[in-house]
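Starting from the known structure of chain P, fit chain W onto it as the hints suggest.
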Amino acid sequence: MSTRAERVRTALLGGRNETWHSTETVRRALLLGVGLVVVGVIMHKVELVLVGAPLLISGVLAVLAAPSGSPAVKVTPPPRTAESTDTTSVIVEIEPGENAELLAIRLPTKGVGGPGRVHLLPASVRRVSAPLRRSAWGVGVDVRVDHLLTGPDAMLVHGPMVGNDMSRTVLPPLDKLPVGPLPPRPAGLVGAHRSRRPGDGVELRDIRPFQPGDRLRGIDWRVSLRSDNGELYVRERHATADADIVLALDTRSDVVPDMSEWATSLLGATVRPGGSLDTSVRAAVSLAASYLRLGDRVGLVDLGRPQLGLSPAVGRRQLLRLRNQIVVCAANAGWSPSPVLAERQVPPGAVVVVLSPFLDDAIVQTAVHAARRGNRVLAVDVLPSRLISDRSDRWGEVVRRMLLLEHGARLTALRDRGVAVMSWSEGGSVADLLRRIRR
Amino acid sequence: MTLELRPGLPGWWLRAAIGLLGALVIVVLAVQGLGFSMVIVFGVVVAVTVALPSSPAMTVLIGGAAIATAFMDGVDVSVEAVLLIPLLHLGHVLSAIAGVLPLDSRLHLSAFRRPLRRYLLIQVAMLALVAVAVLLPAGRVDPIIEVAGLLAAAGVALVALPRS
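These protein sequence lines map, in sequence, to chains P and W.
For the first sequence, this note's numbering gives the first residue as 217, with consecutive numbering after it.
For the second sequence, this note's numbering gives the first residue as 29, with consecutive numbering after it.
Bound conformation, chain W alone:
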């Protein structure tokens, strides 16, 4: 079947969406008690992410936001932290796509169907994991279980890393 090309949406919408997500992440972190100076730093990182989505700026944003939310709050799983999970994941997906497109490109919404479906499936799994984390009793875990978990994660990484 032949697709008749339509004009599509402007490519900067993708960058705008990344900027909006970055702003939401900063707002969530500020609600958690992030200092003004760190808000400025995160703002700069978001700006770099919007300008250069293929750069490591999104890596810095996700890592920084995760560390900030983990070490700022005394509660094990706060509402803000749960909000950050879909935001940071969506930012990761959108910056990946924006990284391979020029700014003046045109977007066709049908292209986002499969990435969005995968995103939603992963987020459903994450919600289940959050539910488990909230329901499980907090406390020290047996060291043998921790070691087993670490080995499992390392095994997954070894299998998944590209051979090249």
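With the rest of the complex left out, here is chain P:
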């Protein structure tokens, strides 16, 4: 086979990185070493010989003990989904080949985001365990095991080889929230909320004379014995019912306190830490967890992308589904200019919690339309409490004031139209808000 054909074949098979090849160092060691020794001998300069000899010796040793074989790296992938508090490890098994001396390998590193830093390890290491921890929620590439193996003094190398991206989804963290009394679902049967109709709940509704069809265990013997008319009385209780809650997430905008950063995109992340979308997501998952724990049905609506919503359901699986879906919503944030909250997305009698920074009129109209359809609507304002104006712009402070005035006017308009409003950044509680509007 001709040299050209060999080069083409090597290029097609992946290039010289997949074979052991020499570096600049081996040329320095051998050519400079030999050159200095020869010139030193010819010119009777022993200093040249003494400087050149170590290079020559190290070069000869490296070539004599040249590494061989086909190194391989095997990665045991970590679980695809994790909690932000989870501490797991990625296990990497290395087959370095013969005479390999150093291993440069990219592994997850504490305090460094993404796939981590390149670590220089001895090639005698066959199995490495690297801790894997990411506090920021969302989808991200946490592992990519790039690697390179070298022979003695890094004169011959194999690689660098680029590893496969391994992404993980870190679910949004859950905070325990006190939950308030939700309006029960009209068709609900069992749950934690008091229904208006009589039933088998705990709360006393009325004490009335016994009627045919009443259960005997419902008779209040104390009241019956004290009565003068000799009639039996029964204790009537309220029925309990579950409730529907729909979390409407406004993913169209993600703003942070510093207004100069509103127009810039964040490299390598879809959600700004501490921004309005981050706050919305944390609030949404915490509310979902709290109400699902009570046995209520919780659903999700992405106001920016309606097709990403989830129908209301109960249970732990629904919480897991919701948290995964919210990560998907956040990853696709910012697609739609106007919010969508159709009637079919909200069951009758459901409480709608709209989580938004309320930066445009369209979201106000959406919330008001939902309230007019008969749903109880709670507006949770997630705009950062202390906005910092853009100092590079002389109109920055004016813009900030205008924006706050408009924002305040929108919240007032919501209140005027029967939508309960609370600010998340000011430490408001959904439970207090629910109790207030129930009175």
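It should be emphasised that the hints constitute simulated quantities derived from the structure, not laboratory data.
Please read these numbers as outputs of a predicted model, since none were measured by experiment.
Heads up, some of the hints might be wrong.
Sample of chain P residues lacking proximity to chain W, with all beta carbon distances greater than 12 Å (derived) [claimed, not checked]:
| id | residue |
| --- | --- |
| 1 | T385 |
| 2 | D391 |
| 3 | T486 |
| 4 | R617 |
| 5 | L620 |
If you want the footprint, here are the derived chain W segments under chain P, 3+ residues with CB under 8 Å [what the hints assert, rightly or not]:
| id | region |
| --- | --- |
| 6 | 33–46 |
| 7 | 49–58 |
| 8 | 89–98 |
| 9 | 107–115 |
| 10 | 118–128 |
| 11 | 133–142 |
| 12 | 150–164 |
Distance ranges between label pairs, derived from CB positions [claimed, not checked]:
| id | chain 1 | residue 1 | chain 2 | residue 2 | range |
| --- | --- | --- | --- | --- | --- |
| 13 | W | A79 | P | R342 | 43 to 49 Å |
| 14 | W | L48 | P | P293 | 37 to 43 Å |
| 15 | P | P293 | W | L178 | 56 to 62 Å |
| 16 | P | T297 | W | R141 | 39 to 45 Å |
| 17 | P | N233 | W | D132 | 19 to 25 Å |
| 18 | W | G71 | P | R610 | 43 to 49 Å |
We treat Cβ as the ideally placed atom computed from N, Cα and C, and that holds for glycine.
The following block gives chain W in isolation, referenced to the frame of chain P:
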């Protein structure tokens, strides 16, 4: 056995060590009488070596320092020249390793055990060679011995050069 990965040392320590070695080489050459202009030139070469350890800058530094020390001093084997031998060899080894690592890499000291052991063995051999060079009488060597020595060095190079 599984190695639990620790954070390790910052990778720029390796570059800093190369820079320190380069500075020491320049100091030794300056003590030998290197001119200011050449000190500047060597300084630039050291800076390039630190920034790009896989470049030929270290080759230029070693070759330049060897030629400078050989032709500056009248003494056959000066103390400064003997000091340069381990410095330049260590610079060669460290720049070889730094050349395959990115700047933000992390270093684990256990990786340097084998290169350091080999370095020390070679330096012990070099010290013996220095002792021989110092003890041997200075003077003209028989041409036949010189030719034999040259042929031996060429033979070693032919054997050692990679076939590719």
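Here's how the hints hold up against the structure:
At the 12 Å boundary, the C-beta of P/T385 stays outside the reach of chain W, the nearest C-beta of that chain being 23 Å off. In this structure P/D391 is separated from chain W by more than 12 Å, as the shortest Cβ-Cβ distance comes to about 30 Å. In this structure P/T486 is separated from chain W by more than 12 Å, as the shortest Cβ-Cβ distance comes to about 24 Å. The beta carbon of P/R617 is kept farther than 12 Å from every beta carbon of chain W, the shortest such distance being approximately 43 Å.
With a least CB separation of 42 Å from chain W, P/L620 remains clear of the 12 Å interface cut-off, as annotated. Coverage of the region 33–46 of chain W by chain P holds in this model, with 4 residues showing a Cβ closer than 8 Å to a Cβ of that chain against a need of three. Counting residues of the region 49–58 of chain W whose C-beta sits closer than 8 Å to any C-beta of chain P gives 0, which falls short of three, so the coverage hint is violated. Given a C-beta distance limit of less than 8 Å, the hint that chain P covers the region 89–98 of chain W holds, as 7 residues qualify and 3 suffice.
Remark: the region 107–115 of chain W is confirmed as covered by chain P, as 4 of its residues place a Cβ nearer than 8 Å to a Cβ of that chain, reaching the required three. Residue count for the region 118–128 of chain W with a Cβ under 8 Å from a Cβ of chain P: 7. That meets the three needed, and the coverage hint holds. Here the region 133–142 of chain W counts 8 residues with a CB under 8 Å from a CB of chain P, which clears the bar of 3, and the coverage holds. Check result for the region 150–164 of chain W against chain P: holds, 7 residues qualifying (beta carbon to beta carbon below 8 Å, three or more required).
Look at W/A79 against P/R342: about 35 Å separates their beta carbons, and that is not inside 43 to 49 Å. Our hint of 37 to 43 Å for W/L48 and P/P293 holds, since their Cβ atoms are close to 42 Å apart. Roughly 58 Å separates the CB atoms of P/P293 and W/L178, a value that falls within the hinted 56 to 62 Å. Distance hint for P/T297 and W/R141: a CB-CB separation of about 40 Å, consistent with the stated range 39 to 45 Å.
Evaluation of the 19 to 25 Å hint for P/N233 and W/D132 yields a pass: the beta carbon distance comes to about 21 Å. Separated by about 47 Å at the C-beta atoms, W/G71 and P/R610 satisfy the suggested range of 43 to 49 Å.
The structure fails hints 7 and 13 (numbered hints given earlier, in ascending order).
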